[in-house]
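There are 2 protein chains.
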Amino acid sequence: MKVEIITIGDEILIGQIMDTNAAWMGRELTKQGFEIAAISSVGDQYKDITRAIDIGFERAEILLLTGGVGPTADDITKHTLCTYFHTALVFNDEVMQNIESIFLKRNLPLNQLTRKQAYVPANSRVIMNSAGTAPVLWFEKESKVLVSMPGVPFEMKTAMTDSIIPMLREQFQVKEYLRRSYIVSEITESALATRLAEFENRLSKGISQAYLPYAGFIRLRLSAWGEEHKPEMKQQGRKLKRLLGKNFIAESEKMPEELLGDKLRKKHLTVSTAESCTGGFIAHKITLFPGASLCYKGSIVSYDIQIKEEILNVGSKTIDEYGVVSREVVELMALNVAGLMKTSCSIAVSGVMGPDGGTKDKPVGTVWVGTTYNSVINSCEYHVGNCREENIERTANLAILQLLKMIERKK
Amino acid sequence: MKVEIITIGDEILIGQIMDTNAAWMGRELTKQGFEIAAISSVGDQYKDITRAIDIGFERAEILLLTGGVGPTADDITKHTLCTYFHTALVFNDEVMQNIESIFLKRNLPLNQLTRKQAYVPANSRVIMNSAGTAPVLWFEKESKVLVSMPGVPFEMKTAMTDSIIPMLREQFQVKEYLRRSYIVSEITESALATRLAEFENRLSKGISQAYLPYAGFIRLRLSAWGEEHKPEMKQQGRKLKRLLGKNFIAESEKMPEELLGDKLRKKHLTVSTAESCTGGFIAHKITLFPGASLCYKGSIVSYDIQIKEEILNVGSKTIDEYGVVSREVVELMALNVAGLMKTSCSIAVSGVMGPDGGTKDKPVGTVWVGTTYNSVINSCEYHVGNCREENIERTANLAILQLLKMIERKK
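For the record, the sequence lines run as chains A and B.
Each residue of the first sequence is one higher than the one before, counting from 1 in this note's numbering.
Each residue of the second sequence is one higher than the one before, counting from 412 in this note's numbering.
Keep in mind that the hints are not guaranteed to be accurate.
[Unchecked claim] A few chain B residues that face chain A, going by a derived Cβ cut-off under 10 Å, partial list only:
#, residue
1, Ile425
2, Ser452
3, Ala542
4, Thr684
5, Ala694
6, Ser704
[Claimed, not checked] Here are the simulated DSS-like cross-link-like pairs (lysine-lysine), alpha carbons at most 25 Å apart as the crow flies:
#, chain 1, residue 1, chain 2, residue 2
7, A, Lys105, B, Lys773
8, B, Lys753, A, Lys2
9, A, Lys317, B, Lys753
10, A, Lys47, A, Lys2
11, A, Lys362, B, Lys516
12, A, Lys144, B, Lys458
13, B, Lys555, A, Lys47
14, A, Lys263, A, Lys405
15, A, Lys175, B, Lys773
16, B, Lys442, B, Lys753
17, A, Lys31, A, Lys144
18, A, Lys205, A, Lys31
19, A, Lys241, A, Lys254
Rather than coming from a laboratory, the hints here were simulated on the basis of the structure.
Glycine included, every Cβ here is placed at the ideal spot set by N, Cα and C.
Use the sequences and the hints to build the structure in full.
Printed below as a string of structure tokens:
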């Protein structure tokens, strides 16, 4: 059963925001057995939205629209759908009550613009939006479905989870989507593909393999539609794991930081971080997941050299002799933060993320990562790239993987 | 001149990755005067890519494709383009030399798969990819252009900046895109729209206004195509600023954290952070921008209560009496981190991000933010939402805006 996601809003086209809705919807719908035919984004223009809907109905049975349903004049999705489905707006009491209760709870005054949101297309089925004021609208056209929902991520997610996905599953038959996902490290994509070429050639029709490079690791995916492929998927998964050898990190859909959290909690370990060049990004990655407080104690973000010396107790002599980006400094940072925060594990990073700060000896992209596990220390030098944002992401991933491997191999 | 961006890859449709390329390209192209007609994402399938190209050529003069050009078998964009443009692959010496030099630099062995990347469609113009091994391909069809480039963000960005945008600007005439962007806080979207309704109605045709809600603030945009609108844009911008009154934070395309960095550097101020519930995200936001080291010293991420007591010197009596999420605790955190790190400003946050940890008195979403500026302290309570990820983002933005306003109003 094919779905097309259409996200609406000039702000997406001009790159003022990142379209995070489509990725979330793609992930959730695929899990539930729906196949995403395409994602398209168009601006807040009648003819662009209409054309996108026409194209969508050619490619898919289900169209899910987000955005353009706010109370302001630049939002025209509701009016466009009225014209598209040859209908008119009517006042809906239930929607008005929902709006009133939300405004009451937040202690905000109602105004005329907000009242406008209670008007809905006469031939649509209205789904209450428990997380916001814009109603969710469900239209049917022959045997196909179009749903319009708000672009605000939290409202969209609530509507999808509580109402739309269950309703779609009731109305449409779906095939099961099987997926096995592997995190692989310390190998290039082409070297990995060379190693797996024969394996891939021997996969049955219907099972496909894909490579997804991340900053610092590769995610390898085996997938198939339909539960008849289950036994082979399992068998090939085992074979694949053997072929990956020491490059295999985990079979999981999770991100490395989430795996690290799981492992730490399972083993009753705790972790702290001392971050220079990643500026708190490792701490953020780990604490993004619920339950972080059970294994994560804290971080010293020692962006300035003075913090390394005064709070992390890295001697100024060591810094002068070896430089801030060195094995000696990250080892002291890692050991001292673990001591200071009384954790069984720690991660420390120091590097040059660019665009400035590189030297001949230590060009932009030079990074040292130190990790400790029960006072044993491991430190490695990495060479990341030239792009600051990507360097921060890559360094954080490499550091998290370094600790993950260390704990994994000591079991 | 209209552009359609087509991003290719099953991983985008199934939500395994976020399509960050499209947003970056949209932003850069708009700045250069190109109008984005649509963004579409399709999977690695011959017929899906072909159909997307056909639709794209209907909507736009320029199609920019990213993805599907890696060395592995799941990448089929190059072969699809060969068929689409009725041509065949030929070996290209210059591309091979580029590949060899990249592998040599990274000290990696070449293999057959990598050699395959040196084959290019005979009727395409080849643009060297200085950042990676997959060549960038430029095709022409009547007076329209299609460019295929790698999906790896850094490679795409390098190719766009160094080659594709300059080449497109040479070949196509573009109108200037005028944009004024305002950061507005402490007001709902509908209240703001009500206040601006008359202003918006009086704008000339060709100038449009749009609202973009972020977690914690609203970005308001005035825009127009063509430099003939410049005088009115300037005049309306002034009027708008007056109407925004105390809700106006800044006229800027930048994010609040970037504005904060600019302001701190300009005033020779420094900042430190003490983060509990945001787990390092404020530090990350500030340090993402080059030049952060000139104003940012560091952070104590005090996720665990012990770190608040032992490193931030928040007395256990204060914590017992008022609770971790309280005015008293964030004020001590903010003052003590500024003392510890010797900074003129500081930000401290403590809150309940969920899904667990809420109580009757302090439900999920309760947050206290303390900010200091030359030892003067300001602390506020906020109520964010129910979604952990969004709560972290919203809290970070509110905290950054709180300090920004404090510095702004003291000038």
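Right, here's what the structure says about each hint:
1. Taking 10 Å as the C-beta cut-off, the interface hint given for Ile425(B) holds, the closest approach to chain A being about 4 Å.
2. Among the interface hints, the one on Ser452(B) holds; its C-beta lies about 4 Å from the nearest C-beta in chain A, closer than the 10 Å criterion.
3. Because the beta carbon of Ala542(B) sits about 8 Å from the nearest beta carbon in chain A, less than 10 Å, this interface hint is met.
4. The interface hint given for Thr684(B) is met, as the beta carbon of that residue sits about 8 Å from the closest beta carbon of chain A, less than 10 Å.
5. With a least beta-carbon distance of about 3 Å to chain A, the hint placing Ala694(B) at the interface is held under the 10 Å criterion.
6. With 10 Å as the threshold, the beta carbon of Ser704(B) comes within range of chain A, its nearest partner Cβ sitting at about 6 Å, so the hint holds.
7. Under the criterion of a C-alpha separation no larger than 25 Å, the hint pairing Lys105(A) with Lys773(B) is consistent with the structure, at around 16 Å.
8. A C-alpha spacing of about 58 Å is found between Lys753(B) and Lys2(A), which places the hinted pair above 25 Å, so the restraint is violated.
9. Between Lys317(A) and Lys753(B), the direct Cα distance comes to roughly 22 Å. Compliance with the 25 Å bound is thereby established for this hinted pair.
10. Note on Lys47(A) and Lys2(A): the hinted pairing holds, with a Cα-Cα distance of about 24 Å set against a maximum of 25 Å.
11. Proposed proximity of Lys362(A) and Lys516(B) is supported: the alpha carbons are some 16 Å apart, at most 25 Å.
12. Taking the CA atoms of Lys144(A) and Lys458(B), the gap is about 22 Å. The hint holds against a cut of 25 Å.
13. Proximity of Lys555(B) to Lys47(A) is assessed by CA-CA distance (about 22 Å); at most 25 Å being required, the pair is judged to hold.
14. For the hint linking Lys263(A) to Lys405(A), the alpha-carbon distance of about 11 Å falls within 25 Å, and the restraint holds.
15. In summary, the hint linking Lys175(A) to Lys773(B) is not supported, as the alpha carbons are separated by about 44 Å, beyond the 25 Å threshold.
16. Simply put, Lys442(B) and Lys753(B) have alpha-carbon atoms about 40 Å apart, too far for the 25 Å limit, and the pair is violated.
17. Between Lys31(A) and Lys144(A) the alpha-carbon distance is near 21 Å, which keeps this suggested pair within the 25 Å criterion.
18. Annotation: proposed proximity of Lys205(A) to Lys31(A) holds, straight-line Cα distance about 21 Å (limit 25 Å).
19. In summary, the hint linking Lys241(A) to Lys254(A) is supported, as the alpha carbons are separated by about 17 Å, within the 25 Å threshold.
Going down the numbered hints, you'll see the structure goes against 8, 15 and 16, while the others check out.
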